[in-house]
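Chains A and B, in that order, give the protein sequences.
In terms of this note's numbering, the first sequence opens at residue 7 and continues consecutively.
In terms of this note's numbering, the second sequence opens at residue 52 and continues consecutively.
No lab work stands behind these hints, which were simulated from the structure alone.
If you're wondering where the values come from, they're calculated on a predicted model, not measured in any experiment.
Hints are supplied without guarantee of correctness; some may be wrong.
To be verified - Among chain A residues calculated to face chain B with C-beta under 10 Å, some are:
no.: 1; residue: Asp23
no.: 2; residue: Gly27
no.: 3; residue: Glu31
no.: 4; residue: Asp38
no.: 5; residue: Arg70
no.: 6; residue: Lys118
no.: 7; residue: Gly119
no.: 8; residue: Cys120
The beta carbon of each residue, even a glycine, is placed where N, CA and C say it ideally should be.
Here is how the chains run, residue by residue.
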Amino acid sequence: MTATGPAGPAPRVLLVDDNHGFRHELRLLLEDCGIEVVAEGENGQEAVELATRTDADVVLMDLRMPVMDGLQAARALRDQVPSLPVIILSAYEDPALKSEADAANAYAYLVKGCSALPLLDTIERAWASRSGGASRN
Amino acid sequence: MTRSGTRRRGRAKGSSLWTLAAALVAIAMASFAGANRVGGEVGRLERAERLSYLLEARAYEQAALDSRATSSGALDEAMARRAADIRQELTAALAELAALHPDDPAVRRVRAAAVDWQATLDTKLALLAAGDLVAANRVDRAQVDPGFERLAALLRTTAADYSRAASAAQGRSKAGALAVVVAATLLSLVLLWRVERARSRQRSVEEKARTDRSRLVNKILSVTERQRSGMAAELHDGPIQGLTRLGLSLERGQLRLRRGQLEEGSQLLSDAQAGLAAEVQSLRRIMATLRPPVLEERGLVSALCDYVDMVRQQSGISCTLAAKLPERLPEDTEIVLYRVAQEALTNVARHARASRARVELSETAEAVVLEVHDDGIGFDPAAEQLGGLDHFGLAGMRERVELAGGTWTVWSRPGSGTVLTASLPKALVAA
Ligand SMILES: Nc1ncnc2c1ncn2[C@@H]1O[C@H](COP(=O)(O)OP(=O)(O)OP(=O)(O)O)[C@@H](O)[C@H]1O
Ligand SMILES: [Mg+2]
Chain A
7 MTATGPAGPA PRVLLVDDNH GFRHELRLLL EDCGIEVVAE GENGQEAVEL ATRTDADVVL
67 MDLRMPVMDG LQAARALRDQ VPSLPVIILS AYEDPALKSE ADAANAYAYL VKGCSALPLL
127 DTIERAWASR SGGASRN
Chain B
52 MTRSGTRRRG RAKGSSLWTL AAALVAIAMA SFAGANRVGG EVGRLERAER LSYLLEARAY
112 EQAALDSRAT SSGALDEAMA RRAADIRQEL TAALAELAAL HPDDPAVRRV RAAAVDWQAT
172 LDTKLALLAA GDLVAANRVD RAQVDPGFER LAALLRTTAA DYSRAASAAQ GRSKAGALAV
232 VVAATLLSLV LLWRVERARS RQRSVEEKAR TDRSRLVNKI LSVTERQRSG MAAELHDGPI
292 QGLTRLGLSL ERGQLRLRRG QLEEGSQLLS DAQAGLAAEV QSLRRIMATL RPPVLEERGL
352 VSALCDYVDM VRQQSGISCT LAAKLPERLP EDTEIVLYRV AQEALTNVAR HARASRARVE
412 LSETAEAVVL EVHDDGIGFD PAAEQLGGLD HFGLAGMRER VELAGGTWTV WSRPGSGTVL
472 TASLPKALVA A
């Protein structure tokens, strides 16, 4: 199930979640599926820094985090790196949060606990949309 | 403590109110009695005044009859009857006057003068009847006339004196009546004022009870809200994260198996199994704090036994349970006692720095009693102001127990540990 896309053989992901165990497990799964995790962050602030410093194609980010939460980070990324798609991966199945994420221009709002397939699919599509738009490199 | 103190002060105020009212009533009654007495005196004086006039008038009439008799030589029958009537009237009036004012020297003088005059009159009449006109005339001029003059003069002054005294007494009686009116008005004003004050005090007590109650209710609500958001956070950070993570590792295991990496795949599966058991455990813990199923299934003693074990494990305090309860209690009683024990042990773990804690359950003829002892640092319950804004545990326990018709006490002193007692009536049981 190795992915290939217009910007390279596979999407490079920036993974941001304050729960270390979850982050670790998700990284292993993504790597098992041929997706490269270029960096990991623990909060929104780290997400913004890492997004400008690394060559990630997609950001995969939790909502509830200390220092700066996922929504704030998504808004900052929308302003600073508009071409970088952000996928929110939240524990809350909450329409209000989802519409806030939409307002922050998030590419998608996924609820944690969904199976790997839709997650991988969303990452692929986000990567493809980015490659279709202005390239960062 | 504070409550009974307030009640005692309230009673003292009540009794002083009654003392005041009694004093005012006494004053009013005294003034009224005084006015009454003065009123009676006015009546007596006025009557005396009238009697004096009557006596004077009758004396004149008798004198006139007498002089007629003297000039005509004898009285006809009608005149004689009239004379006898007058004499009787004079005697009766004198007697009444003497009865009205027995100690008045003026009355005595009037009486003596009248008696003298009558006596001289009798003498003269006797002389006339005997035909001794000269002697009769002599007695008339020497004794009867001056006697009459003396009597008339005395009666005039007596009448005038009584008239003056009566009007003075009337003034006094008016003053007395005025005093009664003033005292009564004052009394009613004071009573009204006290009643109004008592009422407004009552109102403010009720007002305070209401605000206390709504503060407590608000606190209960905000505590509930706090507990819920705590619970949500616990679910988010615990089971939700854990289970999603397990989901991911199961996906990975499946991937491995599909790729034919059997060993790695089954390793991932058995890891996930262990992780799942741990998550179930943590969900059980959360559920137990919400509503321990063991409480319903096996009763208070078993539930407390489990809880005490958990406290021992989590806090390291040597915590024991001693229960002497033969049977299951009604559901409501069990829940109240369980919550009290839970809250008390939470306080022990959080505040007491105790090395030992003991939970005791026992029953008396009328009640089920729960005691929670600890040998920790203790505190001053009076200074703790049960129900302070950020401290809800003690006040909540007390409220809960008292609402169930029981009694709740906490005994503690800095340095001497704490004993908390909740006792619920068995009667509630039947109800
Ligand atoms: N067993 C105990 N030993 C020592 N101090 C205690 C004990 N129980 C209560 N206290 C003292 O009494 C105070 C009030 O207790 P209470 O349970 O009412 O509130 P709290 O525990 O501070 O807050 P919460 O509302 O979360 O229960 C505590 O802050 C603590 O200082
Ligand atoms: Mg407490």
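Worksheet entry | Numbers of the earlier hints that this structure fails to satisfy, in rising order | When the structure is compared with the hints, none of them turns out to be violated.
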